[in-house]
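Visitor: Sequence:
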Amino acid sequence: MTGLPSRRTLLRSVTGSALVCGLGTVLLSTSPVSYADNGKKDKQREKESVDSELARMRQDLDGVDQQLADTYLELAQTELQIPEAQSRLDDARTALAQAQKEDDALASRLAAAQKEEKELQKKVASGKEEIAAGDAEMAELSLDAYKGSGMPSAASVFVGSGDPQNTVDRSMNYKLTLQSQGRELVGKRTDQAQNVNAADRLSAVRTEIADLKKKSAAAVKARKKAESDAASAKKGLDELYSQQKKQKQTLETEKTRFKKRERELNKQSAQLNAELERLEKKEREEQLAAARREASRRRGAGEKDTLSSTYTDTVTTSGQFMKPSDGVMTSKFGYRVHPIFHTRKLHAGQDWGLPSGSPVRAMADGKVLRTGFSGGGGNVLEISHGLYNGQLLVTRYLHLSAFRVSPGQTVKKGQLVALSGNTGNSTGPHLHFETRLDGTPVDPLRFIG
319 MTGLPSRRTL LRSVTGSALV CGLGTVLLST SPVSYADNGK KDKQREKESV DSELARMRQD
379 LDGVDQQLAD TYLELAQTEL QIPEAQSRLD DARTALAQAQ KEDDALASRL AAAQKEEKEL
439 QKKVASGKEE IAAGDAEMAE LSLDAYKGSG MPSAASVFVG SGDPQNTVDR SMNYKLTLQS
499 QGRELVGKRT DQAQNVNAAD RLSAVRTEIA DLKKKSAAAV KARKKAESDA ASAKKGLDEL
559 YSQQKKQKQT LETEKTRFKK RERELNKQSA QLNAELERLE KKEREEQLAA ARREASRRRG
619 AGEKDTLSST YTDTVTTSGQ FMKPSDGVMT SKFGYRVHPI FHTRKLHAGQ DWGLPSGSPV
679 RAMADGKVLR TGFSGGGGNV LEISHGLYNG QLLVTRYLHL SAFRVSPGQT VKKGQLVALS
739 GNTGNSTGPH LHFETRLDGT PVDPLRFIG
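For the sequence shown, my numbering assigns the number 319 to the initial residue and increments by one for each residue that follows.
In case anyone wonders, no lab produced these hints; they're calculated from the structure.
Note that the coordinates shown come from a computational prediction; the quantities given were computed from them, not determined experimentally.
Glycine included, each C-beta is placed from N, C-alpha and C at the ideal position.
Hints should not be assumed to be uniformly reliable.
[To be verified] Straight-line distance between alpha carbons at most 25 Å, and here's what the computed DSS-like set of lysine-lysine pairs gives:
(1) Lys-577 / Lys-564
(2) Lys-553 / Lys-563
(3) Lys-552 / Lys-564
(4) Lys-361 / Lys-599
(5) Lys-599 / Lys-663
(6) Lys-600 / Lys-359
(7) Lys-564 / Lys-578
(8) Lys-553 / Lys-566
(9) Lys-563 / Lys-578
(10) Lys-543 / Lys-532
(11) Lys-566 / Lys-578
(12) Lys-419 / Lys-532
(13) Lys-553 / Lys-564
(14) Lys-543 / Lys-563
(15) Lys-552 / Lys-566
(16) Lys-533 / Lys-436
(17) Lys-533 / Lys-419
(18) Lys-663 / Lys-650
(19) Lys-564 / Lys-361
[Said to hold, decoys possible] So the derived label-pair ranges between C-beta atoms look like this:
(20) Ala-522 / Ala-450: 23 to 33 Å
(21) Asp-518 / Ala-450: 53 to 63 Å
(22) Arg-376 / Ala-540: 54 to 64 Å
(23) Thr-574 / Glu-397: 22 to 32 Å
(24) Thr-412 / Gly-746: 55 to 65 Å
(25) Ser-546 / Arg-376: 17 to 27 Å
(26) Thr-574 / Asp-409: 36 to 46 Å
(27) Asp-547 / Asp-518: 42 to 52 Å
(28) Arg-764 / Ser-674: 22 to 32 Å
(29) Ser-724 / Gln-395: 53 to 63 Å
Based on the sequences and whatever the hints tell you, model everything.
Guide: Rendered as structure tokens:
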């Protein structure tokens, strides 16, 4: 079994190289080599641009989803208020109609009372005239009698010339006339008194009705205002509901547009990813061939194929390998149901639970191949550790919050290389750690068990 190459040999074998390991991630080279051509760089830049737009699109989509959720809630609340507002409006209109009906009835009563009062007033005035005329006639008859021009005296009946019987008849007729006129005048006075009393009573009733009419008019005015307020409130809710529906339709249209663009970007990203994987496969083959040639050369020269583990700024450990963090392993290597996408797929590494910003250290001596953002993996660091049993060993550290090394830099086992985080497709702060042999994921327990 062949061990790991020496640090010097490792540096020669990986200087200026680029490695692609799983998830379609691109490793940019640190110096010009045959497989790091401009075509790949262009594809990588294009993919990064597409992935960046895709990330922004997803953020926009999340924002639209939140606005839609808020709008749905507001619509539901408005829908609940509309029936209540309609009920208040219906009640206000019913009350207004009843008040208007009562006001109309009082108006009719008032008009009838006013008409009857006027008729009685006319009768009273006419009665006064008739009584005055009767009084004048009685006074005239009395005056005539007093002056002797009317009813004959007793002396003239016995000593006057003429027929005594005629004189008596004339006297009786005159007396009867006075009696009749007196009775008629008394009747008129009685009727007049009754008319005056009726007019007085009707005046009081008319005054009372007029007062009720004022109150009724005030009630109608208040009911009209209540009906107007209720109608305004209902109209406001209807307009608000209409605006919210338009907003919902606009947001749904926007969401459809975003989803369509997201599908287009996903398709572009997948196509670019496939092209990059093809280029990266070629790179891996060239790198592996170069590493094997170097291993063969070293064996021919009698050099050991191991990495030194003695450095000054490392965490004290034993053996060639060490754990990448001080956290607790929360998910092992192997097939599982993905916590975000809910599909069964290979979990190509280990998850270590620890707070964002926690130290992440190199598993072994090696050289940094890549630091950068890689879609679902978030910020990714990759380190090549040379050949292990004839296969190229690479470690990957995902979802980082910060890097402490750069591509092309040599690192020592236990050296601080990054800080843990929650970038990419992640359900919470943690470190996803992978080990790969010739690009194939293997269980890290083989090295740090």
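Visitor: Could you run down the list of hints and mark each one as holding or not?
Guide: Quick rundown of the hints versus the structure:
Of the pairs offered as hints, the one joining Lys-577 and Lys-564 holds, with about 20 Å between alpha carbons and a cut-off of 25 Å not exceeded. About 15 Å separates the Cα atoms of Lys-553 and Lys-563, which keeps this hinted pair within 25 Å; it holds. For the proposed pair Lys-552 and Lys-564, the alpha carbon gap of about 18 Å is at most 25 Å, so the pair holds. Pair hint Lys-361 plus Lys-599 holds up; C-alpha atoms about 15 Å apart against a cutoff of 25 Å.
Of the pairs offered as hints, the one joining Lys-599 and Lys-663 holds, with about 22 Å between alpha carbons and a cut-off of 25 Å not exceeded. Between Lys-600 and Lys-359 the CA atoms are separated by roughly 14 Å; this keeps the pair inside 25 Å, and the hint holds. Pair hint Lys-564 plus Lys-578 holds up; C-alpha atoms about 21 Å apart against a cutoff of 25 Å. Between Lys-553 and Lys-566 the alpha-carbon distance is near 20 Å, which keeps this suggested pair within the 25 Å criterion.
The suggested pairing of Lys-563 with Lys-578 holds, with an alpha-carbon distance near 22 Å, which does not exceed 25 Å. Our distance criterion of 25 Å between C-alpha atoms is met by Lys-543 and Lys-532, whose separation comes to about 17 Å. With a CA separation close to 18 Å, the supplied pair Lys-566 and Lys-578 stays within the 25 Å bound. Simply put, Lys-419 and Lys-532 have alpha-carbon atoms about 14 Å apart, close enough for the 25 Å limit, and the pair holds.
As the CA atoms of Lys-553 and Lys-564 are separated by approximately 16 Å, the hinted pair is consistent with the 25 Å bound. For the suggested pair Lys-543 and Lys-563, the alpha carbons sit about 30 Å apart, so the restraint of at most 25 Å is broken. Simply put, Lys-552 and Lys-566 have alpha-carbon atoms about 21 Å apart, close enough for the 25 Å limit, and the pair holds. Pair hint Lys-533 plus Lys-436 holds up; C-alpha atoms about 24 Å apart against a cutoff of 25 Å.
A C-alpha spacing of about 14 Å is found between Lys-533 and Lys-419, which places the hinted pair at or below 25 Å, so the restraint holds. Distance restraint check for Lys-663 and Lys-650: the Cα-Cα separation of roughly 13 Å lies within the 25 Å cut-off, and the hinted pair is therefore satisfied. Straight-line distance between C-alpha atoms of Lys-564 and Lys-361 comes to about 42 Å, which puts the hinted pair past the 25 Å bound. Between Ala-522 and Ala-450 the C-beta distance comes to about 27 Å, which sits within the given range of 23 to 33 Å.
Between Asp-518 and Ala-450 the C-beta distance comes to about 20 Å, which lies outside the given range of 53 to 63 Å. Between Arg-376 and Ala-540 the Cβ separation comes to about 57 Å, which falls inside the hinted range of 54 to 64 Å. For the pair Thr-574 and Glu-397, the supplied restraint of 22 to 32 Å holds, since their beta-carbon distance comes to about 24 Å. Separated by about 60 Å at the C-beta atoms, Thr-412 and Gly-746 satisfy the suggested range of 55 to 65 Å.
Checked against the given bound of 17 to 27 Å, the beta carbons of Ser-546 and Arg-376, roughly 50 Å apart, lie outside it. For Thr-574 paired with Asp-409, a C-beta distance near 43 Å keeps the hint of 36 to 46 Å intact. The supplied range of 42 to 52 Å is met by Asp-547 and Asp-518, whose beta-carbon atoms lie about 44 Å from each other. Judged by the Cβ atoms, the range 22 to 32 Å given for Arg-764 and Ser-674 holds: they are separated by roughly 28 Å.
Take Ser-724 and Gln-395: their Cβ atoms lie about 54 Å apart, and the range 53 to 63 Å holds.
Hint check: violations occur at hints 14, 19, 21, 25; the rest are consistent with the structure.
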